[in-house]
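K.L.:
One-letter residues, chain by chain:
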Amino acid sequence: MKKYVGKRIFSVIVTLFVLSLFIFFLTHSTAGDPASNMLGSDATEEQVEQLREELGLNDPLLTQYFNWIADALKGDFGDSYFRKQSVIEAIGECITPTLELALYAEILAIIISIPCGIFAAKKKGAATDLGVSAFALVGLSVPCFIYGLLLILYFGVDLGVLPVSGYKTIEEYGTSEHFSYMVLPIISLALTQAPLLTRITRSSMVEVLSLDYIKTAKAKGLKGTTILTKHAFRNAFNTILTVLGQSIGSLVAGAAVIETLFNIPGMGQLVVNAVLKRDYPLIQGLVLVISLVYIVINFTIDMLYGVIDPRIRVSGKS
Amino acid sequence: MKNTEKGIGKEAIRESRKLKLKIFMKNKLAVVGLVITILIVFLGVFADVICPEGPYVMDIAKRYIEPCGEYIFGTDKMGRDVFARIVYGIRISLLVGAVTTLVTFIFGMVLGMIAGYFKKVDNIIMRICEALMSIPPVLMAIALMSALEPSITSVIMSLCIVYTPQIARVARGATIAAKENTYIEAATAQGASSLRILLHHIAPNILSPVIVQGTYIFATAIILEASLSFLGAGIPAPAPSLGNILYEAKEGIFTANWLTIYPGIAMVLTVLGINILGDGLRDVLDPKSN
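Those protein sequences? They're chains A and B, same order as listed.
First residue of the first sequence: 0, per numbering that gives the first Met the number 0; consecutive thereafter.
First residue of the second sequence: 0, per numbering that gives the first Met the number 0; consecutive thereafter.
You may find that some hints are simply not true.
[As the list claims (entries may be wrong)] In silico SDA-like cross-links for lysine to any residue, where the CA-CA straight-line distance does not exceed 20 Å:
(1) B:Lys249 to A:Leu158
(2) A:Lys276 to B:Gly231
(3) A:Lys1 to A:Val11
(4) B:Lys119 to A:Val17
(5) B:Lys119 to A:Ser10
(6) B:Lys27 to A:Val137
(7) B:Lys27 to A:Ala126
Rather than coming from a laboratory, the hints here were simulated on the basis of the structure.
The shape of chain A in the complex, shown without the other chains (with noise of 0.2 Å):
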């Protein structure tokens, strides 16, 4: 186990260097220059000249390079260009929303998903299997904002009975406020995550259904759900697990788009607003900070099939 986590802890390390080194330079070959962009057409050049020297643009790329990286190790991402405070300002400003929409949305598409993936595995064949399957194929092939738009066309302009802009928070606005704002980004952005967990569930619980273990367990006479629940899903489990860790990055994408279509003002809009404006430190720390989450969740769930199964901690292979 120990030698196992160390693996994946060095693994971690060059992949955030590499990470890192990409965000960089990627930042760096664009077309536009920042310093002109932010002193607007008026400026002459000896201003723009100015501020690129403040802003340290005309270093040598590496030495630029290094700066960032060792401010960003002690946590310091600069300042955002446009936004009049720093990049973890920002951040730390936009976060919230983000975070609810995305927790909530990923609770609805695990409540909406895993049984429909397990009624399907015991029905396999059956209708009930049939019209999930349809279902998460179909969902599979629509993007978030088409079901953004389709709730937006329902809800708020054919009936009139839901906000379809704008974000409120809990404390100032109370709990139905705030959900009546939430609830069409949630369901549009749950709607995008519960397909490929619902076919995940499938066949992963097919496959565990399958094996000699379970005939046992029926042969024992124990109940059905039971088997389900405790021999089966325990099982198939892991599996899920995995592709609930890998659809966080699909999670944060989705609320970037969702959060510009409902304008909700969090990170996803900030990226695209930060990206619309080729505002540097801005793109490259949240490139970095979402990509930092996305590993460290990833590294988690890796960690955690240690403690959920026991094969893997005893042998320390994954």
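Use these hints to put chain B onto chain A, whose structure you have.
P.N.:
Relative to the frame of chain A, chain B by itself:
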């Protein structure tokens, strides 16, 4: 592969192809996917025959006309024919998806085979791929778009960088598995060069899983392009893509629901057709994975 093709194996290969085709045609869903895809591709390819006046004709007097005989899908805020925009949008979306798939297929195959076959570079290539894959695709694609001029070529380039690692990973896994086969040992013993082994013995044997992965990339690339365009960081206006048509639909959502509904259906059908086709191909080419 070559030797067998010359001799008795030729018949067997033809038989196996026939069998695969038979399995595929028996799968009714896959055939439905094929039909949808053919229809969509037909619309995209013959866009200028179907709508010879093109997607750009504006007529401010004819803004927001509801679907009717002349404009079966209505008109948008600039009085452009929504049907024409959708047909040309399909063309651009398919073009982006197809070129992305082709380029990632080539680069991914080469990188994956090198990583899988030569242990020394395996670590380097796979660490780079892992790092790239740790950035969520939409995030990576818009970050790349911020570094490039907005154009179709840039969108395709961004998508290729996003998806090449995925193909490379599949190709690497398949290469490592194929390397264990005795025929590779035999070829090595005969003194075949690494290049020859990779091209003649490994490449044909890892095609199936890579092609299956490729169809999914085709579908997700279309979705990703649409998402990018929807965020305003994809195909620049006025060129239509399914994504930026829907982006413009957002403005008129309170007055003109046809701007959302028809392009939305076109988008879903395009991706759905390819996804079903991909599932069918997987059942035929890579039966173990199901």
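K.L.:
Given the hint that B:Lys119 pairs with A:Val17, does the C-alpha gap stay at or below 20 Å?
P.N.:
Distance of about 18 Å is within 20 Å: holds.
K.L.:
Straight-line Cα separation of A:Lys276 and B:Gly231 no greater than 20 Å?
P.N.:
12 Å, holds
K.L.:
Verify the proposed pairing of B:Lys119 with A:Ser10, using a straight-line Cα cut of 20 Å.
P.N.:
Since the Cα atoms of B:Lys119 and A:Ser10 sit roughly 16 Å apart, the hinted pair holds (cutoff 20 Å).
K.L.:
If you draw a straight line from the CA of B:Lys27 to the CA of A:Ala126, is it 20 Å or shorter?
P.N.:
16 Å, holds
K.L.:
With the threshold set at 20 Å, check whether the alpha-carbon distance from B:Lys27 to A:Val137 stays at or below it.
P.N.:
16 Å, holds
K.L.:
Within a Cα-Cα threshold of 20 Å, do A:Lys1 and A:Val11 meet the stated pairing?
P.N.:
Measuring from Cα to Cα gives roughly 15 Å; hence the hint holds.
K.L.:
Is B:Lys249 within 20 Å of A:Leu158, Cα to Cα?
P.N.:
It holds: about 17 Å lies between the C-alpha atoms, which stays within 20 Å.
Hint violations for this structure: none, all hints satisfied.
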